[in-house]
Amino acid sequence: TLANGLKVIVARSSDLPLVSASLTVRAGAWADPQGLAGAMGMTAGMLTEGTRTRGAQAIAREAEALGATLTSGGGQESAAVTLNVMPGKLEAAMAIMADVARNPAFASEELERQRSQALDGLSVAYQSPGQLASLAAAPVVFGGTPFGQVASGTPASLAKIATADLARLHGRYFRPDNAILVLTGDIAPEAGFALAEKAFGDWAAPAGPPPARAEVSPKAAPRAVAIDLPGTGQAAVSVAKAAIARGDPDYYAGAVANSVLGGGYSARLNQEIRIKRGLSYGASSRLAGMRTTGLFRAVAQTKNESAPQVLDLILAELQRMASAPAGPDELKARKSVLIGGFGRELATTDGLAGILGGLALYDLPLTEVADYTGKVEGVTAAQVQAFSAKELAPDRVSVIVAGDAKAFEAGLKQRRSDLEVIPAKDLDLDAASLRK
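Counted the way the numbering used here counts, the sequence shown spans residues 1 to 436.
Hints are computed from structural coordinates only; laboratory data are not their basis.
Among the hints, erroneous ones may be present.
Straight line, CA to CA, 30 Å or less: simulated BS3-like cross-link-like pairs of lysine-lysine [stated by the list, open to error]:
#	residue 1	residue 2
1	K436	K303
2	K390	K413
3	K303	K413
4	K219	K413
Per label pair, the in silico range of CB-to-CB distance [claimed, not checked]:
#	residue 1	residue 2	range
5	G67	R415	48 to 58 Å
6	T373	A60	37 to 47 Å
7	T71	A407	35 to 45 Å
8	A393	V124	33 to 43 Å
9	A381	E112	33 to 43 Å
10	A382	R168	43 to 53 Å
11	R172	L346	54 to 64 Å
12	A393	A162	57 to 67 Å
13	A393	T71	34 to 44 Å
14	A381	K276	15 to 25 Å
Heads up, the beta-carbon is just placed ideally off N, CA and C, and yes, glycines get one too.
Kindly produce the complete structure, drawing on both the sequences and the hints.
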């Protein structure tokens, strides 16, 4: 840890001539001011769009001349600047990286360009059942908490963001004692620490401690929401609920359970919905553990009229996970998928930097990198079943279906009497009711 509080992690991981550097700030979309969803994401995204001494074109030109790629962006819990470059060019490239992280200009013309691009993307997303169901998950599952706003913003919130809002967020959260710098690849620890000191050692921390991070404890009751997109060809069926944190003792049992349920082509959801019945091109699930909570989602796209049947199949598989243990062959295969995917991620400098940065972000020991395989292999069928009964109970999930509601509304109401049908034209993801 540097004198200014910046945590530095260096992992020599390859003899290939490449180094990845990632600066992660411990603040993400949870820090968005109320009514300004997407502000932190916009702040992070604009870091590479100009500093006090370099314009956006100069940043791109200088990085390209070094053979480097420099990007920035934000998520629910963090914002990051990432760099990939050959070792001999690392010092010069890190000087640019430090400049964009510390001294963004937030020029008004760049904000307007970024805003226009984001609004164009949302206009497409609002016509896509899958994307719309995904966007609705945050307010449905995490409503009333700092995770309840849409991380990428909404048409109304993006229109209100001003350069002063971005500068305020940057000044509050982008500080060395609220950040983690990870360097991986063809670099020795001593060299990495020296470069970190040179590029970031004079980054002064403001007075006082860093802002407290969000402690999210979701309490929203399960909901059933149908978003009506008349004329769309398919429906997106999604079940979602709050889940465990990444540091929860049951995390590895949950990871294996999710792999059995929906973690690939041979997992149960895809077997039942696509392979056996041909109701979708793919069905899957994801368990994302975050610092103090998590999100579970199971999703499939299908014909509008098949949406109630697909919902039945998803819920039936959740119930089956809890009612009977997975067989030894199935368990072995699904564990192999997890271990193989982790190994492939570790094999790249970017992947390793992401894993190490994530562990540090969630206050977990870096030894998890070495322990991952053993912890996955150690999960038993009884633990998978117990986790499923406790965390994936079908009576505690929210249901979100986006599509042409006239084809599935009656069927869904038979299954969920609490169904709310919201025309897409009346949808407001900034509102607790989801209605304008």
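Taking the hints in turn, this is what the structure says about them:
1. Of the pairs offered as hints, the one joining K436 and K303 holds, with about 28 Å between alpha carbons and a cut-off of 30 Å not exceeded.
2. About 26 Å separates the Cα atoms of K390 and K413, which keeps this hinted pair within 30 Å; it holds.
3. Of the supplied pair hints, the one linking K303 and K413 holds, its CA atoms being roughly 17 Å apart against a limit of 30 Å.
4. Of the pairs offered as hints, the one joining K219 and K413 holds, with about 24 Å between alpha carbons and a cut-off of 30 Å not exceeded.
5. In this structure the supplied range 48 to 58 Å holds for G67 paired with R415, their Cβ-Cβ distance being about 56 Å.
6. Checked against the given bound of 37 to 47 Å, the beta carbons of T373 and A60, roughly 40 Å apart, stay inside it.
7. For T71 and A407, the Cβ-Cβ distance of about 41 Å falls inside the hinted range of 35 to 45 Å, so the restraint holds.
8. Taken as a hint, the range 33 to 43 Å holds for the pair A393 and V124, whose Cβ atoms sit roughly 35 Å apart.
9. Separated by about 56 Å at the C-beta atoms, A381 and E112 break the suggested range of 33 to 43 Å.
10. Range check, A382 to R168: Cβ separation about 51 Å, and the 43 to 53 Å hint holds.
11. For the pair R172 and L346, the beta carbons lie near 34 Å from each other, so the given range of 54 to 64 Å is not met.
12. Taken as a hint, the range 57 to 67 Å is violated for the pair A393 and A162, whose Cβ atoms sit roughly 44 Å apart.
13. Checked against the given bound of 34 to 44 Å, the beta carbons of A393 and T71, roughly 40 Å apart, stay inside it.
14. A hinted range of 15 to 25 Å holds for the C-beta pair A381 and K276, which are about 23 Å apart.
Taken one by one, the earlier hints fail for this structure at numbers 9, 11 and 12, listed in ascending order.
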